[in-house]
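K.L.:
Note that the protein sequences, when read in sequence, are chains A and B.
End of the first sequence sits at 234 in UniProt numbering; the numbers just go up one at a time, nothing left out.
End of the second sequence sits at 805 in UniProt numbering; the numbers just go up one at a time, nothing left out.
If you're looking for bench data, these hints aren't it; they were derived computationally from the structure.
Just so you know, even glycine gets a beta-carbon here, dropped at the ideal spot from N, CA and C.
Treat the hints with care, as some may be off.
Which stretches of chain A does chain B cover? Using the computed rule of at least three CB atoms under 8 angstroms from a CB of chain B, they are [said to hold, decoys possible]:
(1) 47-55
(2) 75-86
(3) 93-104
The calculated PhoX-like cross-link candidates involving lysine-lysine, where the alpha carbons are at most 25 angstroms apart (straight line), are [said to hold, decoys possible]:
(4) B:K728 <-> A:K75
(5) B:K800 <-> A:K214
(6) B:K732 <-> A:K75
(7) A:K136 <-> A:K77
(8) B:K99 <-> B:K14
(9) B:K600 <-> B:K108
(10) B:K113 <-> B:K214
(11) B:K113 <-> A:K77
(12) A:K77 <-> B:K600
(13) B:K600 <-> B:K550
(14) B:K3 <-> B:K214
(15) B:K620 <-> B:K592
(16) B:K500 <-> A:K79
(17) B:K550 <-> B:K498
(18) B:K584 <-> A:K73
(19) B:K592 <-> A:K79
(20) A:K79 <-> B:K800
(21) B:K99 <-> B:K163
(22) B:K530 <-> B:K493
(23) A:K19 <-> B:K800
(24) A:K119 <-> B:K732
(25) B:K795 <-> A:K73
(26) B:K732 <-> A:K112
(27) A:K136 <-> B:K600
(28) B:K667 <-> B:K680
(29) B:K795 <-> A:K77
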Amino acid sequence: MIKIKNLSRVFRTEEVETKALSEISLSIKQGDFVSIMGPSGCGKSTLLNIVGLLDSASSGSFQLLNQEMIGLKGKEKSKARKENIGFIFQNFNLIDELSVYDNIELPLIYNKVSSEERKKKVIAIADKLGISYRLKHYPQQLSGGQQQRVAVARALINDPKIILADEPTGNLDSKNGNEVMELLTDLHVNGATILMVTHSDYDASFSQKTILMKDGMILSEKMNNQNIDILISQ
Amino acid sequence: MLKNWTNIFLYHIKNNKLFSALNVFGLAIGIAGLIFALLYWNDEQSYDAWNPEKEKVHQVLVQLTGMPVFSDCALFLKPILDKDANIENVVYADSWYQKDKITYKGKKEIVDKIINVEADFFTLFPFEMIQGDDVSALKDDSSAAISDVIAKRVFGDENPIGKQIICLDQMFVVRAVYHIPGNSSIAPDVVMNKMKEWTSGNMTSPFVLKLLLKVKDPSKIENTRKSLGNLYNIDFVKRNAKEEGFTYEEMASKIGHFNVAIEPLSKARLHSIADGYPEGRGNYQFLLIMVGLSVLILILSIVNYINLATANAVKRAKEVGVRKVVGASKNTIVIQFIFETALISLFSILLALVIVELTLPYYNDFLNKSLRIIGSQFYLQLILIFSITVLVAGILPAVYVANFETLKVLKGNFGRSKNGIWLRNGMLIFQFTVATFFIVGSYIVYQQIDYLTNKDLGFKGDQVIEINLDFPNSDYEVESVGQNIYNKYSTIKQELAKIKGVEQASTGLISFDGSDDSLGGVLYNDELFKARTIAVDFGMFEMMKIEVVKGRSLCQKYASDTITSVVINETAQKLMNMKEPIGKELIIKQRKLKIIGVVKDFNLLSPEVAVSGMYFYHLKTVDIAQNINKVFVKLKSDNIENTIADIEKLWVKADNEYTFKYDFVDKQYARTYESYVKQKNLFSSLNVVVILIALFGLFALASFSIQSRMKEIAIRKTLGAETNNLLKELSKQYIMYCIIGFLLAVFPVYYLLNKWLENFAFRIDVTVYPFIFGFLILLVLTLIIVLSRAYQATKTDVLKYLKYE
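Produce the entire structure from the sequences given, and follow the hints as far as they go.
P.N.:
So, in structure tokens, the structure goes:
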């Protein structure tokens, strides 16, 4: 599903040149749940942003669904993004001025889904994530966990091919954090492809594979079979 | 502390050069507008303000039903005023200036403002006496007082007192030199007392001379007014009835009712019902419009400032948070921000003064004044403007900033704060309202003035010049003055006819400059009509292309046309309710005249006034030819300049004492509505200023508001929004504000402009068109600004806004 080869990203300021990513290669298959870990500034968020088509690489190759993404124009990127990718952010990034319903609905509007269809889908996903009774509320009226559920609902509403999660539990207490992780695991079990950046070993343990990064390079890849077995057996 | 504040202030100025400059400039324009209005206001308000007697000196004005207000009163009022215990002085005076030359030792100086008054004049207008004294200044009819300006011009460094001058063909001894301390309703160059020949005469007419009173107790003036009213309405009417053999009631209904008004000098300039004094009235409506509009513009620029400051405050949030953490109280924060506003206002005021200083000559030209930036009063007002600007513009943003919650601010979760947004948007709507007002308003004003300029006046004056005839006084001191002057005029006419470029010459006791609104009496079937009675020479109608719609015009062929013929206009026919006017008999100036023709209505007064009934007869019909003081000459269209030069040669030969003065009749007429053309120009130029300020405000606000929505934009983009979607999303609200602002302005514009249009007898109707026009302009300008800002926003890097703010 995702093939990354020799991908580099260089940030330049007037005086300094920083290599956020240097020559990274990585591949993620359909149905994988991969987490990326590493200290602050190791390049994990940069990698996620490039995969999410929010940032562009300086060199190398990135294929999404066998299509080369490096060098695409804004409009094509935007198209690829809205059709294939769902985002979950650490700080939820909900629009405060819109109700929960409107927030979840937004990607559908941009994908030109009819309003009837939209309504059905929003209600269905809200039901699935247990936030139906919150649809008329505004983000600021919700707890952090609930807000992240809304963000997850929004990420899923379009049936994206891959879900990108940037420290999804970073702003949550452990109870709410657990809930969100369980949610992601559920999604994974049902076949979703997930790429997650995290600081937390505990969160990473929910995934199949953990990639450890440092100074823009991949240090190691480790399989977490055990955890999945436990979960599956539950 | 101050140093710290100044440093950070300078830092922000440096980093926001464009906005700082626009801010200062916007405020400066607003303040400059107010300064202009203030200079005008001060000048108008200063009329007679210096005069300690301003509440005691009164003018008597009389209005007879259906006539304009007269500033001249009857002489028969004097005995009862002399008996009135509340009256201290009674002064009859001219209500106008005479113009003549002063001759001293063979040297001639033209003087524009000579006034003839009674001896007590200086108790009513106590000018500062530089030499001589006010008692002896006007003690007899050969004494004169002159102003310091004229003294300098005529006598130079010589002492004028006791010197003999010749003026108005008579010898005077200069008894006093005065200085006029400020603007005055009577501001003469030369004051003389030759009233005896008038006041001791037997003139029984109700309107002879200007009447000025100095009263002891202004609150009791009503009694005097009543007794003067009785003198007119009872005594005068009774006397007339007796002479003419009518009953009192009959006479009273024939003449109409006299309304006497007594006004204090303090109201003369701006609140009088008539142009009673020689210096005339100020245009109070125009003054109010000026002041109103300039205050509006200042408010607009202050609103801009507040908007920008509160929007910008988001950027200062962190600074405020840190200051609070290290010990600043709310008050010190407020003071710091007011301090910044004070600095900005100071720059603005200095810039405003520069703008005013540079453009003052144009402004003076525009107002026909000579205003200057001086006077302690003005500087006090300037300080007041400064303080008000600082307070109004400074306090809101300062309090807004000071109320930031420290913790929230420091955590950086502030950019999307809803604080103050309703205020900013409200102000934006207000700006849209004002801008609509100006766009629609100036469009309507433009339409009306355009209508006046292109209106068919009923006459054509574009190739006709009016030339002054100043016959020497000796020509008026012969047996039959009228005949003499008529002969002189005829000679000139013949001479003119010999000049190659002259098509025709004629005259009439008629002026096209709107200066003459006098009315006379016309009797038809024993009913009195008040109308313009105008003596003309043959050829006047033809020359002015005044159309004869019935019968014929006055013609040299018929001997009767200099004895019994009269031509009326359509309005007169309508007023007298005549179906078939030709041949009907009228009595004008005690002469029976027969109507021989009807001419189409044409304007003589400014187009705001309806055409009155007019009656034309030949100059010889009534003994009135001595009043001829001009000749109208129609020029052939080619070589007009040469023709005028040839005419001038004729003048120089005939009369070497007066300069050759001419004017095109159409230009004269255009001057009757000059003040409205000025209002149009004023409105248009203010329009540009207002739209600029409003657009700048919109630009700034849209920039900041879009800035604060960057995160939302980033999220939407991440979710797949395309540029079109975003542009729609971002400009939606501004279109709404634009519509709301427009709707709010509709009624005030409609109401105020209709009120303004009521000034005109000939006016346009307010249609929907200016509103559509105004709305489209506003909408297009809004879209240009907002879309350009929004487009920029959609092109920025979303990553910056997704994680941190």
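K.L.:
Determine for every hint whether it applies to the structure shown.
P.N.:
Verification of the supplied hints:
1. Interface restraint, the segment 47-55 of chain A with chain B: holds (4 residues with C-beta to C-beta distance below 8 angstroms; minimum three).
2. Figure legend: the segment 75-86 of chain A, annotated as covered by chain B; annotation consistent (6 residues with Cβ-Cβ distances under 8 angstroms, at least 3 required).
3. With a cut-off of 8 angstroms between beta carbons, the segment 93-104 of chain A has 5 residues touching chain B; three or more are needed, and the interface restraint holds.
4. The suggested pairing of K728 (chain B) with K75 (chain A) holds, with an alpha-carbon distance near 17 angstroms, which does not exceed 25 angstroms.
5. The suggested pairing of K800 (chain B) with K214 (chain A) holds, with an alpha-carbon distance near 23 angstroms, which does not exceed 25 angstroms.
6. At most 25 angstroms may separate the alpha-carbon atoms for a hinted pair to count; K732 (chain B) and K75 (chain A) meet this at roughly 23 angstroms.
7. Restraint check: the Cα-Cα separation between K136 (chain A) and K77 (chain A) comes to about 32 angstroms, which exceeds 25 angstroms; the hinted pair is violated.
8. For the hint pairing K99 (chain B) with K14 (chain B), the CA-to-CA distance comes to about 62 angstroms; that exceeds 25 angstroms, so the pair is violated.
9. A threshold of 25 angstroms between alpha carbons decides the hint, and for K600 (chain B) with K108 (chain B) the separation of about 47 angstroms lies outside it, so the pair is violated.
10. Between the alpha carbons of K113 (chain B) and K214 (chain B) the distance comes to roughly 23 angstroms, so the proposed pair stays at or under 25 angstroms and holds.
11. For the hint linking K113 (chain B) to K77 (chain A), the alpha-carbon distance of about 84 angstroms lies beyond 25 angstroms, and the restraint is violated.
12. In summary, the hint linking K77 (chain A) to K600 (chain B) is not supported, as the alpha carbons are separated by about 78 angstroms, beyond the 25 angstroms threshold.
13. Only pairs whose Cα atoms come within 25 angstroms are accepted, and K600 (chain B) paired with K550 (chain B) is accepted, the gap being roughly 9 angstroms.
14. Of the supplied pair hints, the one linking K3 (chain B) and K214 (chain B) is violated, its CA atoms being roughly 62 angstroms apart against a limit of 25 angstroms.
15. Restraint check for K620 (chain B) and K592 (chain B): the C-alpha separation of about 14 angstroms stays at or below 25 angstroms, so the hint holds.
16. Taken as a hint, the K500 (chain B) and K79 (chain A) pair is broken in the structure, with Cα atoms around 86 angstroms apart against an allowance of 25 angstroms.
17. For the given pair, K550 (chain B) sits about 33 angstroms from K498 (chain B) by alpha-carbon distance, which is inconsistent with the 25 angstroms threshold.
18. Simply put, K584 (chain B) and K73 (chain A) have alpha-carbon atoms about 93 angstroms apart, too far for the 25 angstroms limit, and the pair is violated.
19. Our distance criterion of 25 angstroms between C-alpha atoms is broken by K592 (chain B) and K79 (chain A), whose separation comes to about 98 angstroms.
20. In summary, the hint linking K79 (chain A) to K800 (chain B) is supported, as the alpha carbons are separated by about 21 angstroms, within the 25 angstroms threshold.
21. Using a Cα cut-off of 25 angstroms, the hinted pair K99 (chain B) and K163 (chain B) holds, with the two alpha carbons roughly 21 angstroms apart.
22. Of the pairs offered as hints, the one joining K530 (chain B) and K493 (chain B) is violated, with about 32 angstroms between alpha carbons and a cut-off of 25 angstroms exceeded.
23. Pair hint K19 (chain A) plus K800 (chain B) holds up; C-alpha atoms about 18 angstroms apart against a cutoff of 25 angstroms.
24. Among the hinted pairs, K119 (chain A) with K732 (chain B) is consistent with the structure: their alpha-carbon atoms are about 24 angstroms apart, no more than 25 angstroms.
25. For the hint linking K795 (chain B) to K73 (chain A), the alpha-carbon distance of about 12 angstroms falls within 25 angstroms, and the restraint holds.
26. Restraint check: the Cα-Cα separation between K732 (chain B) and K112 (chain A) comes to about 19 angstroms, which is no more than 25 angstroms; the hinted pair holds.
27. Taking the CA atoms of K136 (chain A) and K600 (chain B), the gap is near 76 angstroms; set against the 25 angstroms cutoff, the hint is violated.
28. About 18 angstroms separates the Cα atoms of K667 (chain B) and K680 (chain B), which keeps this hinted pair within 25 angstroms; it holds.
29. With a C-alpha separation of about 14 angstroms, the suggested pairing of K795 (chain B) with K77 (chain A) holds against the 25 angstroms cut-off.
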